[in-house]
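Enquirer: Sequence:
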Amino acid sequence: MKTVEERLHYKDKSPIETVNEIRSILSKNGFEVCEEWREPDEYIGTYTVRVTLKGTTVGSNGKGVNKEYARASGYAELIERLQNDILLNDCTFGREDGIDFNVEPDEKIMSAKEIIKENNSFVKLYLKENKMEKMPNAIKIRHFKNVHRIDYMRTGKEDQYLTTPFYSLKEKRIVNLPTFAYKCCYGSNGMSAGNTKEEALTQGLSEIIERYVLFLTFKDNISFPDIPLSYLDRYPYIKDMYMQLSNVKGYRFALKDCSLGGKYPVAALLCIENDTGKFGIKFGCHPDFGIAMERTFTEATQGRKIFEYADCSILDFFNEEVYTTENLANTCKVGNGFYPYQMFEKNSTYEFTPMIDVSEKSNKEILHEMLESICKDGYDVLVRDVSFMGFPSYHIIIPGMSEIKKCKDELFRIHNTQCYIMRKLTDINSIDEEDCSYITSLIRHYVNSFLENDIHKLFINAESDFVFPGENVYSSTLLLAAMCNVFSKEYDKASYFMKCLLKTAQVNGVDMKNDEVKKYIAMRYYLDGMINIGDHKEVIDYLKQFFDKSIVSYLEDLFSEPRLILRKMYGNINKNKSNISVLKHVAKVNIEKAKMNNIIDQTKLAAIH
29 MKTVEERLHY KDKSPIETVN EIRSILSKNG FEVCEEWREP DEYIGTYTVR VTLKGTTVGS
89 NGKGVNKEYA RASGYAELIE RLQNDILLND CTFGREDGID FNVEPDEKIM SAKEIIKENN
149 SFVKLYLKEN KMEKMPNAIK IRHFKNVHRI DYMRTGKEDQ YLTTPFYSLK EKRIVNLPTF
209 AYKCCYGSNG MSAGNTKEEA LTQGLSEIIE RYVLFLTFKD NISFPDIPLS YLDRYPYIKD
269 MYMQLSNVKG YRFALKDCSL GGKYPVAALL CIENDTGKFG IKFGCHPDFG IAMERTFTEA
329 TQGRKIFEYA DCSILDFFNE EVYTTENLAN TCKVGNGFYP YQMFEKNSTY EFTPMIDVSE
389 KSNKEILHEM LESICKDGYD VLVRDVSFMG FPSYHIIIPG MSEIKKCKDE LFRIHNTQCY
449 IMRKLTDINS IDEEDCSYIT SLIRHYVNSF LENDIHKLFI NAESDFVFPG ENVYSSTLLL
509 AAMCNVFSKE YDKASYFMKC LLKTAQVNGV DMKNDEVKKY IAMRYYLDGM INIGDHKEVI
569 DYLKQFFDKS IVSYLEDLFS EPRLILRKMY GNINKNKSNI SVLKHVAKVN IEKAKMNNII
629 DQTKLAAIH
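So that you can map any letter, position 502 of the sequence shown is 530 in our numbering, and since no number is skipped, the others follow by simple counting.
Be aware that a few hints might be false.
What the hints assert, rightly or not - Derived SDA-like pairs: lysine to any residue, alpha-carbon spacing no greater than 20 Å straight-line:
hint	residue 1	residue 2
1	LYS632	ARG201
2	LYS162	ASN174
3	LYS145	MET163
4	LYS333	VAL362
5	LYS485	LYS527
6	LYS247	GLU354
7	LYS612	PHE494
8	LYS159	MET429
9	LYS527	ARG472
10	LYS306	PHE372
11	LYS173	GLU142
12	LYS521	ILE559
13	LYS159	ASN147
14	LYS152	ASN130
15	LYS565	ASP585
16	LYS616	ARG472
17	LYS156	SER196
18	LYS141	VAL175
19	LYS56	GLU45
20	LYS612	ASN130
21	LYS485	MET181
22	LYS527	TYR553
23	LYS141	LYS173
24	LYS185	ILE137
25	LYS596	MET429
26	LYS547	LYS612
27	LYS541	PHE575
28	LYS156	LYS306
29	LYS200	ASP254
30	LYS211	LYS162
31	LYS527	SER465
32	LYS527	TYR474
To be verified - Pairwise CB distance ranges (calculated):
hint	residue 1	residue 2	range
33	ARG332	ASP539	19 to 27 Å
34	PHE346	GLU589	42 to 50 Å
35	ILE167	ASN347	33 to 41 Å
36	SER465	LEU592	14 to 22 Å
37	ASP520	PHE346	23 to 31 Å
38	SER274	ILE559	51 to 59 Å
39	LYS82	ILE561	52 to 60 Å
40	LYS41	LYS173	43 to 51 Å
Rather than coming from a laboratory, the hints here were simulated on the basis of the structure.
We treat Cβ as the ideally placed atom computed from N, Cα and C, and that holds for glycine.
Take these sequences, add in the hints, and give me the full structure.
Expert: In structure tokens, the structure reads:
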């Protein structure tokens, strides 16, 4: 018989109570929300909801085995992300009026010398990753100054770095992490919310462990054992969902034990589309292995049907894209990407190992055991309490374990470039040839990244619902890169990007005969003509014989003066501010005021372990 704790999914309040509390908190802080539901999955009945701030596109997704849990999941993730300030704060540019801090009200401004001298676990990892741990401090300091430039863009002051306080469980003191550096490495990994401190922190650690096991899959080419059907008898509702999948024709499913021999409570749901080489895999983690397995189902059906996630990956015996930084980040963040073919090896790396039963334990006991295990392995656990609106929310960082991207200088230099470009693109008329080279280099770097390859992240002053040129054919950044090359009269490079654009459109099933695509096809021919002929008027005369008059007239005007091409293509982006922009600004101000009115004493985190 299930315990009350199991029935509540280790939640310290019912999902209805959770939603009511979060709604009340959001309302007090000036936020109204909307819900957008998808139909439950036709095979396993899981639910998905999108919870957004009313009048905006800002929001989070919720998923669950029933409607109540899905709604609670969505609201909890929304307030988690709001309190961690990753939905509204671009963390790059100036302050709001009346706000006397840059990113956090308890931030500390430190010099490079002070950061290196503090030598906390994050700084140690940074120095190790860049092979500098044995260098003299003077070299470390000079190197840090040369690499980390976002703070200067923010404040205009040299050698003044914004740092954010975390509590170190290993050192039992407050440590200050360089803000923009740690945000680059960890993103949202380890951010969590819950009805109580223990519930929230358990969730945050579970997310970190899940992604850590995912990374080990790549590092060690692990082949996971199947979870025996007999083991599922302990979890009837899991077994019922799993058996329902046998009705999905054309697909095969398998539940995998990803515990690495009973060490980590991680499971995975594998879906293979027969006769195609396509597959998808979703990981889930929780100290209760039943909930870990449940999460694989709810994650797989978030925003789609259960079998659709088989399109996420494809078998590749060459492992050509598997170990790239972009692929590791893609698989971690959205589950799309390439996995080592060795994952399908017939003989598993280890035998199925049942996890320890925690059904009689409280969240407090479970949290203590999780922290003990991680600390015993030699890691430092850094925790920040961000519950400034009143709902328990945290960010956990475990240097050496929870990075989404490695703390290498290349990463920080890329972010320097991105932030520089973001600022320049707020005034399209200020772009020069050197800026264009930065833009094209950045787009090349992110071309295979599912989340970073987003033109809205470059044009930060654009409305969130603005449709950029090329966006309808999944290629807005490629088009921008091509236009930047035209600006610099590098027609060969521009042609390359246009060919990539057309290939991307075709791969994504775009109708290659629609009017927009016809225009891009004509652009590609124009660029090829400029490579070989070099005369605008002559190339246009050739194209008049092959393309509609309206298309040729458009190209004739667009390409007539290369230095004006960005202004013509993107000059209308920020002409009219919509209600969405106004509401987002109000929401951001509300967040900053709530932070300022409730500065949290991070030393109280000493009580968690």
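Enquirer: Take the hints in turn and mark each one as holding or not.
Expert: Hint by hint, here is what the structure shows:
1. LYS632 x ARG201: holds (10 Å)
2. LYS162 x ASN174: holds (18 Å)
3. LYS145 x MET163: Satisfied, since the Cα-Cα distance of roughly 13 Å is no more than 20 Å.
4. LYS333 x VAL362: holds (15 Å)
5. LYS485 x LYS527: With a Cα-Cα distance of about 23 Å, the restraint between LYS485 and LYS527 is violated, given a limit of 20 Å.
6. LYS247 x GLU354: holds (15 Å)
7. LYS612 x PHE494: Holds, at roughly 15 Å.
8. LYS159 x MET429: At roughly 18 Å apart (the allowed maximum being 20 Å), MET429 and LYS159 satisfy the hint.
9. LYS527 x ARG472: Between LYS527 and ARG472 the Cα gap is close to 14 Å, so the pair holds against 20 Å.
10. LYS306 x PHE372: Given that 20 Å is the threshold and the Cα spacing comes to 13 Å, the pair holds.
11. LYS173 x GLU142: holds (12 Å)
12. LYS521 x ILE559: holds (10 Å)
13. LYS159 x ASN147: holds (15 Å)
14. LYS152 x ASN130: Not OK: LYS152 and ASN130 at ~25 Å, beyond 20 Å, violated.
15. LYS565 x ASP585: holds (11 Å)
16. LYS616 x ARG472: At roughly 32 Å apart (the allowed maximum being 20 Å), ARG472 and LYS616 break the hint.
17. LYS156 x SER196: Distance of about 19 Å is within 20 Å: holds.
18. LYS141 x VAL175: Holds, because 14 Å separates the two Cα atoms, which is no more than 20 Å.
19. LYS56 x GLU45: holds (17 Å)
20. LYS612 x ASN130: holds (18 Å)
21. LYS485 x MET181: Roughly 17 Å separates the two Cα atoms, so the pair holds.
22. LYS527 x TYR553: Cα-Cα ~10 Å, so holds.
23. LYS141 x LYS173: holds (9 Å)
24. LYS185 x ILE137: At roughly 11 Å apart (the allowed maximum being 20 Å), ILE137 and LYS185 satisfy the hint.
25. LYS596 x MET429: Violated - the C-alpha atoms of MET429 and LYS596 are around 47 Å apart, more than 20 Å.
26. LYS547 x LYS612: violated (34 Å)
27. LYS541 x PHE575: holds (12 Å)
28. LYS156 x LYS306: violated (38 Å)
29. LYS200 x ASP254: violated (41 Å)
30. LYS211 x LYS162: violated (25 Å)
31. LYS527 x SER465: holds (19 Å)
32. LYS527 x TYR474: Status holds; Cα separation ~17 Å.
33. ARG332 x ASP539: 19 to 27 Å: At 22 Å between Cβs, range holds.
34. PHE346 x GLU589: 42 to 50 Å: holds (45 Å)
35. ILE167 x ASN347: 33 to 41 Å: Holds - the Cβ-Cβ distance for ILE167 and ASN347, about 37 Å, lies within 33 to 41 Å.
36. SER465 x LEU592: 14 to 22 Å: The hinted range 14 to 22 Å holds for SER465 and LEU592, with Cβ atoms some 18 Å apart.
37. ASP520 x PHE346: 23 to 31 Å: holds (29 Å)
38. SER274 x ILE559: 51 to 59 Å: This hint holds: roughly 56 Å between Cβ atoms.
39. LYS82 x ILE561: 52 to 60 Å: holds (55 Å)
40. LYS41 x LYS173: 43 to 51 Å: This hint holds: roughly 48 Å between Cβ atoms.
Hints 5, 14, 16, 25, 26, 28, 29 and 30, counting from the list given before, are not met by this structure.
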